[in-house]
Each structure stands twice: as structure tokens, then as C-alpha cells.
Amino acid sequence: MSTASTGKSLAFTAGDGYHDDPPLVAGNLSFHEVTDLVALHTEKKTPMAWYGAFSIANIGLMILLLSVAYLFWNGVGVWGLNNPVGWGYAIVNFVFWVGIGHAGTLISAILYLFRQKWRTAINRSAEAMTIFAVICALLFPTIHVGRVWAIYWSLPIPNQMEMWPQFKSPLLWDVFAVSVYFTVSLVFWYVGLVPDLATLRDRTPLTKKLRQKVLGFFALGWNGANRHWRNYEKAYLLLAALATPLVLSVHSVVSFDFAVSIIPGWHTTIFPPYFVAGAIFSGFGMVMTLMVIARKVYHMENIITINHLEKMNIIILLTGTMVGFAYITEFFIAWYSGSPYEQYAFINRATGPYAWAYWTMMSCNLLFPQFFWFKKLRRNVAFMFVVSIFVNIGMWFERFVIVVTSLHRDYLPSAWDYYTPTAIDVLTLIGSFGLFFTLFLIFLRFLPMVALAEVKMVMPQSDPHFYEGHGDGHGAAHDLSAGKPESDRGKS
Amino acid sequence: MPQIFPKKANILPHISLIGALFGGVFTIFFVWYYFSPEYTDVGYEPEQPVPYSHRLHAGQLGIDCQYCHNWVEVADHSNVPPTQTCMNCHTQIRTESLKLLPVRESWATDAPIPWVKVHNLPDYANFTHTMHVNNGVGCETCHGRIDEMEVVRQVEPLSMGWCLECHRQPELYLRPNDQVTTMGYVQPADFVERNMERIRIEHIEPPTYCSGCHY
Chain A
1104 MSTASTGKSL AFTAGDGYHD DPPLVAGNLS FHEVTDLVAL HTEKKTPMAW
1154 YGAFSIANIG LMILLLSVAY LFWNGVGVWG LNNPVGWGYA IVNFVFWVGI
1204 GHAGTLISAI LYLFRQKWRT AINRSAEAMT IFAVICALLF PTIHVGRVWA
1254 IYWSLPIPNQ MEMWPQFKSP LLWDVFAVSV YFTVSLVFWY VGLVPDLATL
1304 RDRTPLTKKL RQKVLGFFAL GWNGANRHWR NYEKAYLLLA ALATPLVLSV
1354 HSVVSFDFAV SIIPGWHTTI FPPYFVAGAI FSGFGMVMTL MVIARKVYHM
1404 ENIITINHLE KMNIIILLTG TMVGFAYITE FFIAWYSGSP YEQYAFINRA
1454 TGPYAWAYWT MMSCNLLFPQ FFWFKKLRRN VAFMFVVSIF VNIGMWFERF
1504 VIVVTSLHRD YLPSAWDYYT PTAIDVLTLI GSFGLFFTLF LIFLRFLPMV
1554 ALAEVKMVMP QSDPHFYEGH GDGHGAAHDL SAGKPESDRG KS
Chain B
3 MPQIFPKKAN ILPHISLIGA LFGGVFTIFF VWYYFSPEYT DVGYEPEQPV
53 PYSHRLHAGQ LGIDCQYCHN WVEVADHSNV PPTQTCMNCH TQIRTESLKL
103 LPVRESWATD APIPWVKVHN LPDYANFTHT MHVNNGVGCE TCHGRIDEME
153 VVRQVEPLSM GWCLECHRQP ELYLRPNDQV TTMGYVQPAD FVERNMERIR
203 IEHIEPPTYC SGCHY
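These protein sequence lines are chains A and B, in that order. Numbers 1104 to 1595, taken from my numbering, label the letters of the first sequence in order. Numbers 3 to 217, taken from my numbering, label the letters of the second sequence in order.
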């Protein structure tokens, strides 16, 4: 990865060579200090705070298990579904979680192909978040089929009924899109983990046999040989190339669940790009929420610097504005189509019984990210945390608006109704957060939360010419402080 | 640093890869074959309360199926005959037979004989005898050579896939209506053309959509 020539090596500290960009890893850390900083959290005694957080997450998980068990026992009647709103919280939550799952692969695959080096600080935890979010997402369509024991009918498996999935249905495309996405994300994440697991393995004291064996097993005999690195980087590049189209395709396919139907408010060609933009938006919102907490709790401010957060805020601003543009385009097209049903669907969204949900969505998704036009605000950690929470809320409401408001006024006015979720609906949603945070806390405790090998590759010391050429203007070792923020200059 | 794993651990990745592949294929095959009615249900031959022989009555004596199972042409459900049907003959024939004791008891006490049903379908699958019998599906197509069975036994899986094989290609199975109860019927050489013609004229369109049978 770091085959950069001498001229390019300056890019690590000086961006394109013309602008004075701050370094990606602050605090003038050495390789060893970076390893220590990250690996320590998997090695030390489990802190009480972790147990506290884990207990709360586990309560959520129990709520999920109980509400799902109650659902299985009684059937989907325990949810607020009825005619005409046949899709409620389950589908809203599915699209919400699968959308969140998009940031990880975008950060790790697309930004990797575009050589965005700042991704290295957050890609590991973003990918973990992706996998856990997709697990939560897969849960909802599974339980909403009602007869969950027949869920294998959605897979093309030979069976005595000679039944085959309906390949014309977007719901089936969903099964394939999301399960492929899950598999590729998991493999991608694991391949990236291998060198770091080997690092942890090698740091394990000989007395801890079990830890050594488990880490050794998953590190696949990695010993840092040149051949290992070459194969690894090739595999990583190929997986990134494979995962890149998936980032775009998965949420496009999810949007087909709606767009392929003929319900006004769903039957829209803008859905695929609009859903993808929304997915990346919500994903970055969730990454931001998690990272702001994690970097504070785990003292990662030098690796996940304020510059990283600012770059993520710019993506949130960009995608939020794209989503807002899509909302407005939908209104324009409704007017331009001349179809009274289409027009009614959208006017009803903004002024009908669910106007409160619509305006929640509008303000959270379109309005709040606009504050990131101001550099001061997008570098303010507390402020960005608040906005990221609003983004999470707003994107959940976007799916609520799409699913519920489109259905509650269907073609038959006598069937019109107001959908209200039941307690089980709400508890299942809360429980899915419990599942998500349980998995994420396990990840934080047992795996390196930052891609060590990759962060080291973007540090100035990784340049082969770093330690040579004093005074000839090629090396950078003599002038590490050049790239540091003004306040730090001259200290080293 | 000493080695964590012995050298023979190198074979583990190969084994797990091959194991996962074959394990997956094996699991699917296992469920597909051993969980199917073809394996679990065929050959079901419960003991009946009366040692009634279909081989004797339907085979050697040649009594038509519909003499006893007389609803098949008009009802969804094909009936098991009441004791009265047995007694039509057995008030005259073999009136002292020990084997017929339960029948005479039933006749005397008005308590029906507790015959055990052999051909069971799930509650969520609806089967209509009248539709099948009147459109040329022979008794033996589903029930087998009853005339050769001492005690009735299930010979076909009665699974959904098995139903669909005929529903998708009825021309391979149909016979003229006057041959429906024939046992050991042999199709003539041109039976596919004959059936295609009949299907066209009579619009025989067996459903292959879900609600055709699950309603």
C-alpha cells in the first residue's frame, strides 16, 4: 500500500504537497505507541464501565428475545399491522438498519479504492458496525413473515414441495442482496483483521495459552512475511472491488421493495439513488455517534482526530443535502406528473395525519446537517454528536414516512386508517438496539477497534525514505513538526 | 517465539473448507430426502379393527371401488363405508365368520367400526375427490394397486411435489372417465395425444398456484 515514492511520502504529512494538511495520526506517535494504544483495550482487565454498558445492552437484548418469542407464539397480530397498513415497524426497522450498514463498506471499500487515507482510523469499527447493523436488519424481515419456521422457502433449496422462490419478486432480490452484502462485509472485515489478530497473538504472554490459541487460530498463521503482505493486499483490493458495487446495489434493491409496486409514494424511479444516499447518510450518522463516544472513552483522540470527524461531517452534509434534494424532487415530480393520486400522496405527507413524522424527517435530515457548512460547528465534538443523533432519528422517520404514510391512504377511501404501533412493536425496535450494542461492545472488548496495520501505513514513519536524507529536502524525519497543528509546533 | 500449533494443524484449513462444502451439500440432501413424505409416509400400513381384505373383495371378487366408497364422484371426501354396506352381503354370506365378529357387533350395537385412516393430508391442503375422479384421475394413480393389497398401505408420498408433478403435466396421467376405477389400467400408445385433446376440449386446468389447494 505504501509504495509511495519520496515525493509522495510528503503527502502523508503535507496532503498534495502544496497544502499544509495536518497528519492523520496526531501526537507524533511511534508505531509501538499506536499498537499499545489500541491493543491495550483487548488485553487489560475488563473495566467496570464496560460491564455496566454491557448489562444495559443485554437488557435490550432480552427485551428483543422476549418480544420476538411473544410474537412467534401469538403471530403478527401482536403488531399494529392491519389493513391498509400491512407494513409497519418491521419493514421500517429493516430499512433503517440495512441503511446504517452501508457506511462500513463505503468507508472500507469505496474510500479505499479512492485512496482516502483518513479512512484507516475508522474503517475497522465502521465495518463492525455494518455487520452488526445488517444482523439487526436481517432479523426483521425474518420475523415479519409470520410463519418463521417456513423462512427457508425464501432460499432456492431443493425440497419435496417442488417449490421455488418467486424470482420476479423484489422481496426475493432483497434476500439475495442483503445476504450477499452480509457475507462480503464479513469476509472483508475478517481479512482486514488477520494482520492485527497476529499482532495481538504475538503480544500475548506465553502464560495465556487459550488466548494465544484462539488468536493464533484466527490469525491463520500470519507471520508478516513479504509474501503474506503481497497476498493480503491483493485479496483486500479484490474484496474492495467486489464490495464497492454492493454498496450501491444493496440499498437500490431494498428500494425496489417499494419502487416496483404501484402505491403512490412508492412508485418512484428516484428511489434507488435516493435510498443509497440516505443509507450512506444514516450510516455515517451512526458511525459518528459511536466514534464520538468510543474515541473519548478509549482515548483515541490521536488516531481518530478532529480532522477525521470533520471529514465525516462533510460527508454527512453532502449526503444529507442529497437526501433533502430527493425529498423536494419527489414533490416536484408529483406536481409535474399531473397524477392526482401522486399529488395527493405527497400533499398528504406534508399536511396529513402523519405530518409530524414528515417534518421530523425533514428537519433532522435536511435542516440540521446544514449547520456543517460552518467549520467551527463541524469541528465541535458535542455539536456533531447531537446532529448525529438527529440524523439517526431523522433517517428512521424517513423510512416510517415512506412505509406508513404511503399505505395509510390507499386507493380505497373506505379502508383509510391511522396506523399506531403496539408496545411489542416499540419493544422490538428498542430490543434491536440492545442486540446491536451487545455485539458492538463485544467487538470493542475483544478485537482491535482500529485497523493497526492500516493506520501504520499512513503514518510518515512507514515511508521507506523516512529516516534518510537529512537536509536534502526528501526525508521528513527532521521535520515531523511541519505537519502538526500550530499549537504543537516546536515542542518536539 | 515457540510455535503455538503443531505442524499437522496446517491441514485444518483444507479440512474445514472441504468439510463446509460437503457438509452443506449433505445437509441439504439429508433434509430433502429424509424429511420428505416419500421417506416418512410411504409404506404406512396401520392395523385395522377388522381383518378386511381388499385383495379378496376388490381383486378376486371384482367389486367396484364405488360400491363401498360411493361418495367419490360427488363429494370432496371419499367415505369409508358404514357397517350397513358390509351387511348388505354379510347378512347372507359368511354369517358365522369369526373375522366378521366386529362387524356384526357394530351392526347390533349401532357403534361404527373405528377404521383407521391411511391416506392423510395436512389440514392446510384441500383435496377434492369429485374434481379428480370426474376429470379422469384413476383411483390407482394415487392409491396404488389396492386390489393386490391385503391391508391398505400408502404407496405414494402424497407430498406437494408429488401432486404438482401431475398438476403441471396432467396429460401424462389422465384416463377416460369409464376407466377411473379400473385396477391395472394400461394406457394405449397414443394416450398423450388423447389426453391433450381432452384437456383442450374440457379445459382441464389443474391449479399450480398456492390458493388452488391452500384456501
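Check before you lean on any hint, since a few could be wrong.
Within a straight-line C-alpha distance of at most 25 Å, the following computed DMTMM-like cross-link-like pairs (lysine to aspartate or glutamate) qualify [claimed, not checked]:
1) A:Lys1399 - A:Glu1571
2) A:Lys1271 - B:Glu167
3) B:Lys10 - A:Asp1305
Quick list of simulated restraints, FRET-style, between CB atoms [stated by the list, open to error]:
4) A:Val1248 - B:Gly163: 37 to 45 Å
5) A:Phe1435 - B:Ser18: 30 to 38 Å
6) B:Pro124 - A:Tyr1514: 34 to 42 Å
7) B:Trp73 - A:Pro1456: 53 to 61 Å
8) A:Met1151 - B:Gly26: 52 to 60 Å
9) B:Val27 - A:Leu1313: 32 to 40 Å
10) A:Ala1518 - B:Pro83: 46 to 54 Å
11) A:Asn1185 - B:Asp78: 26 to 34 Å
12) A:Ala1458 - B:Val27: 48 to 56 Å
13) A:Trp1438 - B:Thr132: 51 to 59 Å
14) B:Pro4 - A:Val1484: 42 to 50 Å
15) B:Val33 - A:Glu1336: 36 to 44 Å
16) A:Trp1438 - B:Leu123: 49 to 57 Å
17) B:Pro4 - A:Phe1270: 16 to 24 Å
Keep in mind that the hints were calculated from the coordinates and are not lab data. C-beta atoms are modelled at their ideal positions from N, C-alpha and C, and glycine is treated no differently.
* Asked: Of the numbered hints stated previously, which ones are contradicted by the structure, given in increasing order?
  -> Structure breaks hints 1, 4, 5, 8 and 17.
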